[in-house]
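**Student:** Here's the letter readout for the chains.
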Amino acid sequence: MTSRPTATPTAPPTGTSLTEQVDRGPLSREEIARMVASDIPDGSFVNLGIGQPTTVADYLRPGSGIVLHTENGMLGMGPEARGDDIDPDLINAGKIPVTELPGAAYFHHADSFAMMRGGHLDVCVLGAFQVSERGDLANWHTGSPDAIPAVGGAMDLAIGAKDVYVMMSLFTKGGESKLVPECTYPLTGLACVSRVYTEYGVFATGPDGVRVISTYSITADQLQDRMPVELHR
Amino acid sequence: MPTITSDADEAVSVITDGATVLIGGFGTAGQPMELIDALRRHGAKDLTVVNNNAGNGDHGLAALLKAGQVSKIICSFPRQSDSWVFDELYRSGKIELEVVPQGNLAERMRAAGAGIGAFFCPTGVGTPLTEGKERRTIDGRDYVLEYPISGDVALIKALRADTLGNLVYRKTARNFGPVMATAASHTVVQVSEVVEAGHIDPEVVVTPGIFIDTVVTVPTPVSNPEEKRAGQ
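Line by line, the protein sequences are chains A and B. For the first sequence, the residue numbers in the numbering used here are 1 to 233. For the second sequence, the residue numbers in the numbering used here are 1 to 232.
In short, the hints are calculated from the structure, not lab data. Note that CB positions come from ideal geometry on N, CA and C, so glycine has one too. A hint or two may mislead.
Derived DEER-like restraints, expressed as beta-carbon distance ranges [as the list claims (entries may be wrong)]:
#1 A:147 - B:118: 22 to 32 Å
#2 B:131 - A:85: 36 to 46 Å
#3 B:202 - A:105: 41 to 51 Å
#4 A:80 - B:84: 22 to 32 Å
#5 A:82 - B:202: 28 to 38 Å
#6 B:94 - A:224: 49 to 59 Å
#7 B:186 - A:175: 53 to 63 Å
#8 B:6 - A:30: 43 to 53 Å
#9 B:141 - A:142: 21 to 31 Å
#10 B:116 - A:147: 29 to 39 Å
Non-contacting residues of chain B with respect to chain A, defined by C-beta distances greater than 10 Å in every case (computed) [what the hints assert, rightly or not]:
#11 7
#12 16
#13 17
#14 27
#15 45
#16 115
#17 147
#18 186
Here chain A stands alone, though its shape is the one from the complex (with noise of 0.2 Å):
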């Protein structure tokens, strides 16, 4: 386990009974989004990836005071730009127009890097293709031969964020869980990742392997039968 002493833990406190809702279907992206949102801390610098993650920042708190990063450069990264306001100088990481928030801040990149590897940053949403019960991340690469590599930020933020927040579907289209013992797709981080949103349940993943924290349309039981990694209350 890689030690991070500046680290804040987040995860909730041990103890945390499980909450089961079987009496409904499971989460949507929306509710996920709305989850992770509500788990942030107020006041957290938080960085959200590419993708689904990028919607969290629609389900954020008014005056919770958390402040968007977003590693090509900026603090105090707003909405999504629209019309006038587009600005081909002002985007994000996915190279989406963006908006200033008072307060922004512009900076480098080894700057901003150093936000994330220096343990500035609180909290990063990433996607994910696999996560081990350990949360090493895996998220960058099919393993697939004809595929172009392409990183990104994708393991600076792993290492660098104090919390990665997984979200992504539980299983594959084919039916088996990407929340897995090891990782067989290449691995993007050691164990980075705290906690793993899905559609079916949110886990906390760590030295002590995963614990369920929640479940949606499905009870901890049904989850365990199909899942190969043990699930701790």
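Given chain A, put chain B in place with the hints provided.
**Tutor:** Frame of chain A, contents of chain B only:
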């Protein structure tokens, strides 16, 4: 004192065959389009290019690749929806690719510019991108040894220079510019305007002129947001 010119072709003529060229920009933001176009006209070949990406669409860096002048690209994210020029060259084996995590790309150039021989970095430990690299545990955390990336020439874009080469940038178009300016033996910057020394507040200078060799004025760059907005 840097050379101040409006002649981009003259400015990039220092680039020789086989040179390593650091090219600023994140996607098209901060990409020095006019300098890249001049390099394409100049014709230097067998270049190693360092950039975050591997070209977008058919212009700028993509056009340089298409012209066959680049034999190797060092970048973090070559695969984009509009990187068809690179994709084709890569799949036909006509270009070498070194993928570097984005923060390492920046820090390795920062190290080059700061005279650092190498540094231990936690990024990528245990992943395929650090296989074979020297590893060390320091205070309980694992790191790998990363070496600097320096350039023969850097081509970057800023908003404004003064006659001493002090630079300010614009929004997220700053990205790799300040780091690349320090990491090359010779740095060429394109700016929208040059002002007299003293007309940029010393407190807001981002890149001090010591790092700049040539300033090329391009009053209305193709990626100028005002121009684009006016054109819509």
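**Student:** Does residue 45 of chain B clear chain A by more than 10 Å, comparing its Cβ with all Cβ atoms of that chain?
**Tutor:** holds, 23 Å
**Student:** Would you say the C-beta atoms of residue 82 of chain A and residue 202 of chain B sit inside 28 to 38 Å of each other?
**Tutor:** Holds, since residue 82 of chain A and residue 202 of chain B (Cβ atoms, about 37 Å apart) stay within the stated range.
**Student:** Are residue 94 of chain B and residue 224 of chain A spaced within 49 to 59 Å by their CB atoms?
**Tutor:** About 51 Å separates the Cβ atoms of residue 94 of chain B and residue 224 of chain A, which means 49 to 59 Å holds.
**Student:** Minimum Cβ separation between residue 7 of chain B and chain A greater than 10 Å?
**Tutor:** holds, 25 Å
**Student:** Was residue 17 of chain B rightly flagged as not at the interface, with every chain A Cβ beyond 10 Å?
**Tutor:** holds, 27 Å
**Student:** Confirm or reject the statement that residue 27 of chain B sits farther than 10 Å, beta carbon to beta carbon, from all of chain A.
**Tutor:** The assertion about residue 27 of chain B is violated, with a minimum of 4 Å to chain A.
**Student:** Falls inside 22 to 32 Å, the C-beta gap from residue 147 of chain A to residue 118 of chain B?
**Tutor:** holds, 30 Å
**Student:** Can you tell me whether the CB distance of residue 131 of chain B to residue 85 of chain A sits inside 36 to 46 Å?
**Tutor:** Taking Cβ atoms as reference, residue 131 of chain B and residue 85 of chain A lie about 44 Å apart, which means the hint holds.
**Student:** Does the hinted range 22 to 32 Å hold for residue 80 of chain A and residue 84 of chain B at CB?
**Tutor:** This hint holds: roughly 25 Å between Cβ atoms.
**Student:** Once the closest CB in chain A is found, is it more than 10 Å from residue 115 of chain B?
**Tutor:** Answer for residue 115 of chain B: holds, closest chain A Cβ roughly 15 Å.
**Student:** Could you say whether the range 53 to 63 Å given as a hint is met by the Cβ separation of residue 186 of chain B and residue 175 of chain A?
**Tutor:** holds, 57 Å
**Student:** Are all C-beta atoms of chain A more than 10 Å from that of residue 186 of chain B?
**Tutor:** Residue 186 of chain B is indeed farther than 10 Å from all Cβ atoms of chain A, at 20 Å.
Checked against the numbered hints listed earlier, the structure breaks hints 3, 14; every other hint is satisfied.
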